[in-house]
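As you go down the protein sequences, you meet chains A and B in turn.
For what it's worth, this note's numbering labels the leading residue of the first sequence as 133, then goes sequentially.
For what it's worth, this note's numbering labels the leading residue of the second sequence as 133, then goes sequentially.
Treat the hints with care, as some may be off.
Same chains, same names: a pair is fine if it fits in one copy or spans any two.
[As the list claims (entries may be wrong)] Keeping only pairs whose Cα atoms sit at most 20 Å apart, straight-line, the calculated EDC-like set for lysine to aspartate or glutamate is:
id: 1; residue 1: 352; residue 2: 302
id: 2; residue 1: 478; residue 2: 399
id: 3; residue 1: 459; residue 2: 277
id: 4; residue 1: 296; residue 2: 243
id: 5; residue 1: 452; residue 2: 426
No lab work stands behind these hints: they were computed from the structure.
Since the model is a prediction, treat every value here as computed from it, not as a measurement.
2 protein chains.
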Amino acid sequence: MFERSKITQACEQFALRLQRTIGDSRVIDDPDILEQYATDKSHCEGVFPHLAVRARNEQEIAAVLRLASEYGVPVVPRGAGTGKSGGAIPFYGGVVLDTTRLKSIVEIDKENLLAVVQPGVITGEFQAQMESEGLFYPPDPNSLESCTLGGNVAHNAGGPRAFKYGVTREYVLGVRAALMGGELISPGKRTVKGVAGYDVTALMVGSEGTLGVFTEITLKLVRTPTELSTLLIPMPSEEAAGMAIAKIVAGGLVPRVLEFMDGVVVDVLRQKGIAGVSKSTHALILAEIDGNSEMHVEREVLQLAELCENSGAEEIFVAKHGGDREKLWAARRVMSDALAETAKHKVSEDIVVPRSEAPRLLAGLKKISKHYGVSVPSYGHAGDGNYHVNVLWDDDGFEPSAVVRDIFELTLSLRGTITGEHGVGLSKKPYLPLEQSANLIGVQQAIKRALDPSGLLNPGKIFTE
Amino acid sequence: MFERSKITQACEQFALRLQRTIGDSRVIDDPDILEQYATDKSHCEGVFPHLAVRARNEQEIAAVLRLASEYGVPVVPRGAGTGKSGGAIPFYGGVVLDTTRLKSIVEIDKENLLAVVQPGVITGEFQAQMESEGLFYPPDPNSLESCTLGGNVAHNAGGPRAFKYGVTREYVLGVRAALMGGELISPGKRTVKGVAGYDVTALMVGSEGTLGVFTEITLKLVRTPTELSTLLIPMPSEEAAGMAIAKIVAGGLVPRVLEFMDGVVVDVLRQKGIAGVSKSTHALILAEIDGNSEMHVEREVLQLAELCENSGAEEIFVAKHGGDREKLWAARRVMSDALAETAKHKVSEDIVVPRSEAPRLLAGLKKISKHYGVSVPSYGHAGDGNYHVNVLWDDDGFEPSAVVRDIFELTLSLRGTITGEHGVGLSKKPYLPLEQSANLIGVQQAIKRALDPSGLLNPGKIFTE
Numbered sequence: 133m134f135e136r137s138k139i140t141q142a143c144e145q146f147a148l149r150l151q152r153t154i155g156d157s158r159v160i161d162d163p164d165i166l167e168q169y170a171t172d173k174s175h176c177e178g179v180f181p182h183l184a185v186r187a188r189n190e191q192e193i194a195a196v197l198r199l200a201s202e203y204g205v206p207v208v209p210r211g212a213g214t215g216k217s218g219g220a221i222p223f224y225g226g227v228v229l230d231t232t233r234l235k236s237i238v239e240i241d242k243e244n245l246l247a248v249v250q251p252g253v254i255t256g257e258f259q260a261q262m263e264s265e266g267l268f269y270p271p272d273p274n275s276l277e278s279c280t281l282g283g284n285v286a287h288n289a290g291g292p293r294a295f296k297y298g299v300t301r302e303y304v305l306g307v308r309a310a311l312m313g314g315e316l317i318s319p320g321k322r323t324v325k326g327v328a329g330y331d332v333t334a335l336m337v338g339s340e341g342t343l344g345v346f347t348e349i350t351l352k353l354v355r356t357p358t359e360l361s362t363l364l365i366p367m368p369s370e371e372a373a374g375m376a377i378a379k380i381v382a383g384g385l386v387p388r389v390l391e392f393m394d395g396v397v398v399d400v401l402r403q404k405g406i407a408g409v410s411k412s413t414h415a416l417i418l419a420e421i422d423g424n425s426e427m428h429v430e431r432e433v434l435q436l437a438e439l440c441e442n443s444g445a446e447e448i449f450v451a452k453h454g455g456d457r458e459k460l461w462a463a464r465r466v467m468s469d470a471l472a473e474t475a476k477h478k479v480s481e482d483i484v485v486p487r488s489e490a491p492r493l494l495a496g497l498k499k500i501s502k503h504y505g506v507s508v509p510s511y512g513h514a515g516d517g518n519y520h521v522n523v524l525w526d527d528d529g530f531e532p533s534a535v536v537r538d539i540f541e542l543t544l545s546l547r548g549t550i551t552g553e554h555g556v557g558l559s560k561k562p563y564l565p566l567e568q569s570a571n572l573i574g575v576q577q578a579i580k581r582a583l584d585p586s587g588l589l590n591p592g593k594i595f596t597e
Numbered sequence: 133m134f135e136r137s138k139i140t141q142a143c144e145q146f147a148l149r150l151q152r153t154i155g156d157s158r159v160i161d162d163p164d165i166l167e168q169y170a171t172d173k174s175h176c177e178g179v180f181p182h183l184a185v186r187a188r189n190e191q192e193i194a195a196v197l198r199l200a201s202e203y204g205v206p207v208v209p210r211g212a213g214t215g216k217s218g219g220a221i222p223f224y225g226g227v228v229l230d231t232t233r234l235k236s237i238v239e240i241d242k243e244n245l246l247a248v249v250q251p252g253v254i255t256g257e258f259q260a261q262m263e264s265e266g267l268f269y270p271p272d273p274n275s276l277e278s279c280t281l282g283g284n285v286a287h288n289a290g291g292p293r294a295f296k297y298g299v300t301r302e303y304v305l306g307v308r309a310a311l312m313g314g315e316l317i318s319p320g321k322r323t324v325k326g327v328a329g330y331d332v333t334a335l336m337v338g339s340e341g342t343l344g345v346f347t348e349i350t351l352k353l354v355r356t357p358t359e360l361s362t363l364l365i366p367m368p369s370e371e372a373a374g375m376a377i378a379k380i381v382a383g384g385l386v387p388r389v390l391e392f393m394d395g396v397v398v399d400v401l402r403q404k405g406i407a408g409v410s411k412s413t414h415a416l417i418l419a420e421i422d423g424n425s426e427m428h429v430e431r432e433v434l435q436l437a438e439l440c441e442n443s444g445a446e447e448i449f450v451a452k453h454g455g456d457r458e459k460l461w462a463a464r465r466v467m468s469d470a471l472a473e474t475a476k477h478k479v480s481e482d483i484v485v486p487r488s489e490a491p492r493l494l495a496g497l498k499k500i501s502k503h504y505g506v507s508v509p510s511y512g513h514a515g516d517g518n519y520h521v522n523v524l525w526d527d528d529g530f531e532p533s534a535v536v537r538d539i540f541e542l543t544l545s546l547r548g549t550i551t552g553e554h555g556v557g558l559s560k561k562p563y564l565p566l567e568q569s570a571n572l573i574g575v576q577q578a579i580k581r582a583l584d585p586s587g588l589l590n591p592g593k594i595f596t597e
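Only chain A is shown next, with the shape it has when bound in the complex (with noise of 0.2 Å):
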């Protein structure tokens, strides 16, 4: 769709443009910087930008995306570059539009339980602050620590805690936003009702980085929970942890976090000499209850504990306190990368089943594995089941590509999604025909072209084109 050559010219003028209109020091083209600007924390291989902008300001966002659709620069905006889903990767070069440096909480507005941020500030930053205020803003993606609330917004991130609290969208009462062209929009309100036109706020959570560029966000918050208590349970076999999940979520029980983990997991925790794995665990779960009324909480672990043991279990891990909870969620924390440290090769998908297909998913991962003679572990949000799905592999000639597209046509004969977290990006985008038929993808391109005419914003991401 783009020439490389054509974008070269365009970036040099824009270039001179952009500098006179910001300042010199504003643009980068320095090729170490734009190296790592054209990685993130996929898989995904894109090209280098031409050069990239750490914008400071609403005005400086405005004013790129403003002279790039002047010059016909393609522009990629990015936060932190913790996606899995390329969605931060310039695919035909351009200018990286970097949000970091736009890192202030504008508003906290305790009264009306919300806050206004700008995209750059990290969201485990922003978490500690709000808790500081009796406040707690729930979404709580795996990159917390160094991702920005801009990306969560951006890809609509999840996160364990969804089952209870929902995901990004669910926070996101407002946003303002450049479009390409640099006009300001700011869709949304500053109240938890209100209907007055199209829902364009939800367009723009999730929608990465393709229709505008956020300059500022209005999120919804809750307040903290008083009691909040931390279970590991190890389970004797997979089809226990299931039924035993199965149960709790039968039982009405509505624990923050429910979260599962495979045998293949377990076998790579066990030697890596984790707490709460032993000889006769199979599977895992871990599950965090909150709520504030002790005694409530109190009686909720019990029952979950209860259904449990029903199962199958024959431990179970229960901590109240800081150290102690972090000591139970240590599988959950070193899992991804003691599973990378097993093969040289790991692609990791998120898919989302029906919860009560997870059974049938992981009976259905279990035969591709040994079909394609490839490790298949898994582990995941099982109270929204939402799995994180890996490939493992040590052969530098193997090609996954059959593999990641059986996980996902199994996924989808489940009446699944391909993502429930990562996004579509540049990593599934040749899989998004295989669930949303050419008539929703099509119409999809159509709100694409209409505000962003030009397709200058983000090409190359989500569509085939």
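Given the structure of chain A, go ahead and fit chain B onto it with the hints provided.
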């Protein structure tokens, strides 16, 4: 935008083709029926449609949209016609597409807590059916005994329970919709998480029949809470009620219902002899607390009661069972009609302000009432800051638009929104530019053109052209 004579001509040819396609008897031109389709529960004046179709299935809906597109005929989708903003009334004539005949509950999936319904299912009937299965669909617009789920989704309906459970949007996992032209799309998912592509579902929710016509809706359900208590709390003043509500919210209590009725409303209710309204009552709070633990619900009832007593309540009525609960709801149920009886004319707006701004809103409304010499009673979903503000007058020559504009300007000065539940439709379209910038409205119109280039789907709604 559309000339009546041209539409009349187009409709003649369209009617012939449509009769050949879906059968003579399906196409309605009986003026008595068409007259019914020229009104809804708003005070808007629409025009008669040229014809109407009571579709029986998706194929007929798609056929109407395909042929209307071909002949240039405006299409006005319609549920039960209970809307309050004129969304279902023709503005240019054309064909009314009535979807109330599509009234099947297609699927109930208890394990995954979802149901698939056709758009014509009556909300209250759906809720009753779900409750008989131990399931709960929370959104409860006031018209739930007659309104349809299709209409609810088209307007993102709210209701008293939104304070705890959120509005319709939170329960729509996916839709199946026919676009102008007849193409079908199925955005959304059957899982609680999913981020594949843009959130087209969220865009369709609340689009007021201007982007597509729903043929099927996938709704998220929750489990029926086992415990429920209703409280009616007469308060000595509006200020005392406001203080109590602020304390309830600040205390972290989340009753599922938290309604407020002001002094003017109370006076009208007192004249009606409504139970609980005494001489010293000058405001009312109606609250409901639900949950799965009797003890927990009882404790919250006591907490809420205590906060109200601390703010001046002398007597609190509590009920736990059907008939007794209904008695406490009597005030809320009769209120709208009782108010209407007190004057020859009434308009009702549904504004929202950030919760903390409620005292300033009520004070401002009193000033407006005094300035214009009209009664401006208000009641509503105080927990959400969502107030139904009424203007009552007797003089046939009085024009309420200046009052309405002042109410909206007051609302927006408090950083609220002009509509929390009813939508923009015809009634609020002149006021949308008070709330939203030209850029934001432009983006929405661009999205509209992307999905409906001919502008034939529910034309004249939301946007002034």
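Cross-check of the supplied hints:
{"no.": "1", "hint": "352 - 302", "verdict": "both (8 Å within a copy, 14 Å between copies)"}
{"no.": "2", "hint": "478 - 399", "verdict": "within (17 Å within a copy, 71 Å between copies)"}
{"no.": "3", "hint": "459 - 277", "verdict": "within (18 Å within a copy, 53 Å between copies)"}
{"no.": "4", "hint": "296 - 243", "verdict": "between (23 Å within a copy, 17 Å between copies)"}
{"no.": "5", "hint": "452 - 426", "verdict": "within (11 Å within a copy, 25 Å between copies)"}
In this structure, none of the earlier numbered hints is contradicted; all agree with it.
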